[in-house]
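Based on the provided sequences and hints, a complete structural model is requested.
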Amino acid sequence: MKNLIIFLLFSFAAFNAFSQDKPKVVEVTGNATIEVQPDMMQWELRIQDDSDELKPAVSNNDASTEKILAYLRDIGVKSEKVSTSGIRITKNYSYGDYKVKKFTVVNTIWFTVNDINLYGKLVSYFVSFDNVFINNSVLSSSLEIETRKQARTNALLAAKEKAEMMAGVYGKEIGDPIMISEEAVNPYYTNMTNNVYSPGTSYENEQAQNFSKGMLTVTARVKVVFALK
Numbered sequence: 026m027k028n029l030i031i032f033l034l035f036s037f038a039a040f041n042a043f044s045q046d047k048p049k050v051v052e053v054t055g056n057a058t059i060e061v062q063p064d065m066m067q068w069e070l071r072i073q074d075d076s077d078e079l080k081p082a083v084s085n086n087d088a089s090t091e092k093i094l095a096y097l098r099d100i101g102v103k104s105e106k107v108s109t110s111g112i113r114i115t116k117n118y119s120y121g122d123y124k125v126k127k128f129t130v131v132n133t134i135w136f137t138v139n140d141i142n143l144y145g146k147l148v149s150y151f152v153s154f155d156n157v158f159i160n161n162s163v164l165s166s167s168l169e170i171e172t173r174k175q176a177r178t179n180a181l182l183a184a185k186e187k188a189e190m191m192a193g194v195y196g197k198e199i200g201d202p203i204m205i206s207e208e209a210v211n212p213y214y215t216n217m218t219n220n221v222y223s224p225g226t227s228y229e230n231e232q233a234q235n236f237s238k239g240m241l242t243v244t245a246r247v248k249v250v251f252a253l254k
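Heads up: the sequence shown begins at 26 in the numbering used here, then just goes up one per residue.
Calculated from the structure, these hints are not laboratory results. A portion of the hints provided could be inaccurate.
Unchecked claim - Calculated pairs, DSBU-like style, for lysine-lysine (alpha carbon to alpha carbon, straight line, at most 35 Å):
1) K146 - K49
2) K92 - K185
3) K197 - K49
4) K49 - K254
5) K49 - K103
6) K49 - K80
7) K49 - K187
8) K47 - K92
9) K92 - K103
10) K185 - K174
11) K47 - K248
12) K197 - K47
13) K248 - K185
14) K254 - K47
15) K92 - K106
16) K187 - K197
17) K187 - K248
18) K174 - K106
19) K197 - K248
20) K47 - K185
21) K248 - K174
22) K80 - K92
23) K106 - K124
24) K254 - K238
25) K127 - K106
Said to hold, decoys possible - Pairwise CB distance ranges, derived in the manner of DEER restraints:
26) K248 - G145: 40 to 48 Å
27) I100 - T54: 29 to 37 Å
28) N161 - K49: 48 to 56 Å
For each residue, glycine too, the CB sits at the ideal point set by N, CA and C.
Here it is in structure tokens:
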């Protein structure tokens with residue numbers, strides 16, 4: 026019993042010393058969202074030919090690819106804004122009553138245009154090909170880097186303001202930040218350094234039907250731990 030009492034007293038003293046040494050802090054998160062108007066569009070096209078004869082399929086695929094690349098040059102898309110996957114050939118097999126063409130020939134083109142008003146013109150041209158498919162067209166902004174930086178700054182300022190308010194309720198003040206980290210806004214967008222681009226309120230584009238460029242939103246979130254005075 027005596028040993029138990031000594032052990033409990035020792036444990037209480039150690040816990041009390043640890044509690045006194047533990048720094049007093051306030052932990053907060055800060056969020057910020059900025060809207061920016063898109064001024065670029067990134068495209069992905071798939072040129073696909075399905076045929077029982079390989080050579081005609083390759084020839085037709087190459088011809089369509091060359092026409093599209095020439096068209097992009099003609100409308101002023103710079104060569105460094107255009108890339109291709111190169112031709113890919115797949116051999117297909119029919120099963121039972123399910124019949125398919127023996128070969129699939131595919132080439133993919135990625136390019137970026139700085140004039141969103143070209144949307145209608147581009148779509149009209151691409152749909153004139155039987156073997157061209159628009160896989161994707163994504164709006165983006167040339168102010169992406171600057172907007173992300175500003176979103177982080179705004180989030181940090183929001184965290185500081187929140188910490189000051191919370192500490193003030195108890196008549197305290199905040200000290201220096203002990204820890205600063207950037208929080209993931211959406212796990213599916215971690216490749217954007219924890220900032221998210223997403224479409225905002227849209228408005229009609231007079232240059233093309235069924236298309237609205239809207240606004241892009243950039244969201245940042247941070248966590249900050251401040252010393253509490």
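Now the hints, each set against the structure:
With a C-alpha separation of about 62 Å, the suggested pairing of K146 with K49 is violated against the 35 Å cut-off. A hinted pair counts as satisfied when its Cα atoms are at most 35 Å apart, and K92 with K185 does not qualify at roughly 56 Å. Under the criterion of a C-alpha separation no larger than 35 Å, the hint pairing K197 with K49 is consistent with the structure, at around 11 Å. The suggested pairing of K49 with K254 holds, with an alpha-carbon distance near 8 Å, which does not exceed 35 Å.
The suggested pairing of K49 with K103 is violated, with an alpha-carbon distance near 57 Å, which exceeds 35 Å. Distance hint between K49 and K80 is unfulfilled; the C-alpha atoms sit about 75 Å from each other, more than 35 Å. For the hint linking K49 to K187, the alpha-carbon distance of about 17 Å falls within 35 Å, and the restraint holds. A threshold of 35 Å between alpha carbons decides the hint, and for K47 with K92 the separation of about 70 Å lies outside it, so the pair is violated.
Between K92 and K103, the direct Cα distance comes to roughly 16 Å. Compliance with the 35 Å bound is thereby established for this hinted pair. Using a Cα cut-off of 35 Å, the hinted pair K185 and K174 holds, with the two alpha carbons roughly 17 Å apart. Taking the CA atoms of K47 and K248, the gap is about 20 Å. The hint holds against a cut of 35 Å. Taken as a hint, the K197 and K47 pair is honoured in the structure, with Cα atoms around 17 Å apart against an allowance of 35 Å.
Between K248 and K185, the direct Cα distance comes to roughly 10 Å. Compliance with the 35 Å bound is thereby established for this hinted pair. Between the alpha carbons of K254 and K47 the distance comes to roughly 13 Å, so the proposed pair stays at or under 35 Å and holds. Using a Cα cut-off of 35 Å, the hinted pair K92 and K106 holds, with the two alpha carbons roughly 17 Å apart. Pair hint K187 plus K197 holds up; C-alpha atoms about 13 Å apart against a cutoff of 35 Å.
In summary, the hint linking K187 to K248 is supported, as the alpha carbons are separated by about 11 Å, within the 35 Å threshold. For the given pair, K174 sits about 25 Å from K106 by alpha-carbon distance, which is consistent with the 35 Å threshold. Using a Cα cut-off of 35 Å, the hinted pair K197 and K248 holds, with the two alpha carbons roughly 20 Å apart. Under the criterion of a C-alpha separation no larger than 35 Å, the hint pairing K47 with K185 is consistent with the structure, at around 22 Å.
Proposed proximity of K248 and K174 is supported: the alpha carbons are some 16 Å apart, at most 35 Å. Pair hint K80 plus K92 holds up; C-alpha atoms about 18 Å apart against a cutoff of 35 Å. Taking the CA atoms of K106 and K124, the gap is about 39 Å. The hint is violated against a cut of 35 Å. With a C-alpha separation of about 49 Å, the suggested pairing of K254 with K238 is violated against the 35 Å cut-off.
Restraint check: the Cα-Cα separation between K127 and K106 comes to about 34 Å, which is no more than 35 Å; the hinted pair holds. For K248 paired with G145, a C-beta distance near 44 Å keeps the hint of 40 to 48 Å intact. Hint check: I100 to T54, Cβ distance near 46 Å, so the stated range 29 to 37 Å is violated. Restraint check, N161 to K49: a C-beta distance of roughly 51 Å satisfies the suggested window 48 to 56 Å.
Hint compliance for this structure: hints 1, 2, 5, 6, 8, 23, 24 and 27 are not met, and every other hint is.
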